[in-house]
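Peer 1: The lines below spell out each chain.
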Amino acid sequence: MKAKTGVLKTSGRHSRNRLPDQRTGLFEIVNGTLLVLTGILMLIPFLHVLAGSLSSEFAIVSGKVTIFPVDFNLNSYRYILSDLSLWRSFMVTVYITVTGVLFAMICTILMAYPLSKPRLRARGGVLLAVLFVMIFGTPIIPFFLAVRGTGLLDNVHSLVIPSAINAFNLLVLKSFFENVPMELEESAKMDGANDFHILLRIFLSLSKPALATIALFYAVEKWNSYYHALLFISDHSLWPLQVKVRMLFTIEEQAGAFVEGIGYLNRDGIRYATIVFAMVPILFVYPFLQKHFTKGVMLGSIKE
Amino acid sequence: MISAVKPESVWKNMKKNPLLYLMLIPGILFFLVYRYIPIGGLVIAFQDYKIHRGIMNSDWAGLRHFKYLFASNDFYTITKNTLILSGLDLLIVFPAAIVLSLMLNEVRAMAFKRTIQSVIYMPHFLSWVIVGGMVTAFLSMGGPLNQFLGMFGREPTIFMQESSYFRSIVISSSIWKEVGWSTIIYLAAMSGVNPALYEAARMDGAGRMRMMWNITIPSILPTIMILFLLRIGHLLDLSFEQIFVLYNPAVYDVADVIDTYIYRTGIMQGFYSYTAAIGMFKSVVGFVLLVGANYMSRRMTGSSLY
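Those protein sequences? They're chains A and B, same order as listed. Heads up: the first sequence begins at 1 in UniProt numbering, then just goes up one per residue. Heads up: the second sequence begins at 1 in UniProt numbering, then just goes up one per residue.
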C-alpha cells in the first residue's frame, strides 16, 4: 500500500508552525477550554469506575457514586483478588501475550526481511498476495473451520498461531528494512556473512525502535483478544482474561455473593473492581505504549 | 505464475539466495493455511457443508443459500443496521477526529498539548470488553448519566435496553475510545506543512480560522482522502467486539449487524454454509467498494491506496 501523494511523508517536517511573537487571544482561550473539557469528558468514565470499585454496594445502587468513592472500602477487591479462576485467566492471558508476541515477531521478521530485498524474485508475487488478503479480509466461518481443521479448538495456541502475522505490521517492518543502507549489507557479505547473519547482526540491531513498536502492537492485540477467544475456546479453564471479565459482567448468578469476613457483596462493586483489575496492566505500560505507538503510526505512514 | 514463464530463473534465484527463501517458509505457510484456505473455503457457501464430512464430501447446494439469504428478512435487517451504523460512524466519528486534530494543532503550549494527548489516546488501548463494561456502568440505573439527568427531574432509564438509544451509544463509545487516537495521523500530516505558508498568510492579514481553512485543511486533504477510502472499503466491517459487548436481545432490531449475525447463526447454531454465503457477500461487496472508491479517488483527486 503506497501513498502516491507523498503528503504522509514525515520527512522534512517542521516542529513549529507559528511565529513566536503571537499573543494569546480569544481563539486560544476558547480552543484551550474546549480541549480541557474534552479531556475531562474522556477521564470521567475512568474516574467513575475507579470510584465505584472503592465504594459500598449501597452507595452504588442508590446512585451516589459519581467520580469520588462513597463509603470507601476494599471489599470488592478483596473478593475478586481471592477469585482463583480470575487469576487463572490472568495467567492464560500472560502466556498468550508472551508466546504470541514472540511467535508473531519471529514470523514477521523472517518474512519482512526477504520481502525487503529486490533480489528476491518471488517478492512481487508474495507482496501482491499479502495485499490481497489485507483488502479482502478473512471470512470468519471458513477461518473458524481452518483453525478447527488444524486441531486448535480449545487450545490456547489458537490465539497465537492463526493470528501470527499482521499484514500491516509486516509491511511496516518491510519498509523499515528497506531503508537500511545497502553498503552495510554489502560489506558484511564481503566478510562472508550470509543472509541469516546479516539479518541478526545488522538489520535487527538497526531496527530496534521499529521492532519495539511492532512488538507492542502485537502485545496489545494479544492482551485484548476477545473475538478469537470467543470463537475458539469454550473450555472455562482456558478462558483468557477478556472472556472471563465479560463473563463476570453478564452472568446473573454473580449477583449477591456472600463472602466470609466481608459480608454481602453486590454485583456492581465486583464489576467495577473487575474492570479496574483488567485495566491496570494496560495503564501501567501506557507511557511506553504512547511513546512507541505514536512512533508506529508515523512509521506506518512512511511509504516509499 | 512467474515460474510458469521462466522456470529456470526462479530456480536460479532460489539457488543463489537459499536462506531468503527458507525464511519465507513460515510466513507463506501462515498466509496459506489461515488466510488463503479460508478464502478458498468460501466454496462451502455453495454446499450443504457438514462438519463431519468436510469440504470434499459435502453435497453441493448451488445458489440455494444465496437465494434463501436474499429472500430473508434477516438479511435486510442486518445489512440495514450495518450500513446505518457505518454511515453514522463516517458522518460523525470520522469528522470528529479531524476537528479535534485541528484544535490540537492550534495549541502552542507544548506541555498542555502533550497532556491532552496523553489523556485522549488512553482509551484506545483498552479492549472493547472493558469499554463495554464501563459504558454499561456509566449508563446503569444508578450510573452517572442517570444521576445527571435526574438533576433535571428525569426518571432513570435503562439505556442499554432501549433500541432508540443503541446507535447513540455505539457512536459515543467509538468517539470516546478512538477519536483521540485517530488524531495522530492528521497531526503528523499537519506538522509537515511548510511554516512559510502561514507566515505569508499572516503578512496578508489572515486570522487563525482563515489559515486553518485555507492552509491546514487543504494540506491534509490527501490524508483525509486516503483514510476515507479505507473506511469506505470497510463499510460492512463494524467492530464485532464493540457491537457484541454493547448489544443484547432487547435491542437486536437495531443492533444486530452482519458479523454478530454470522457469529450467532454460524458459530453458535452451526449453519456454516448459510453464514459463509453471508460472509462471501460481505467480502465481495467490501472488495468492490474499496477498489471502486480507490479508482474514483485516483481519477478525481490523484490520491490512491495502491
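Since the hints were made in silico from the structure, they are not lab data. Don't be surprised by glycine CBs; every beta carbon is placed ideally from N, CA and C. Among the clues, some could well be false.
Unchecked claim - Which residues of chain B face chain A? A few of them, derived with a C-beta cut under 7 Å, are: (1) L102; (2) M103; (3) V129; (4) G205; (5) A206; (6) W213; (7) F271; (8) T275.
Peer 1: Hint by hint, note whether the structure agrees.
Peer 2: Checked hints:
no.: 1; hint: L102; verdict: violated (9 Å)
no.: 2; hint: M103; verdict: holds (6 Å)
no.: 3; hint: V129; verdict: holds (4 Å)
no.: 4; hint: G205; verdict: violated (14 Å)
no.: 5; hint: A206; verdict: violated (13 Å)
no.: 6; hint: W213; verdict: violated (13 Å)
no.: 7; hint: F271; verdict: violated (9 Å)
no.: 8; hint: T275; verdict: holds (5 Å)
Hint compliance for this structure: hints 1, 4, 5, 6 and 7 are broken, all remaining hints hold.
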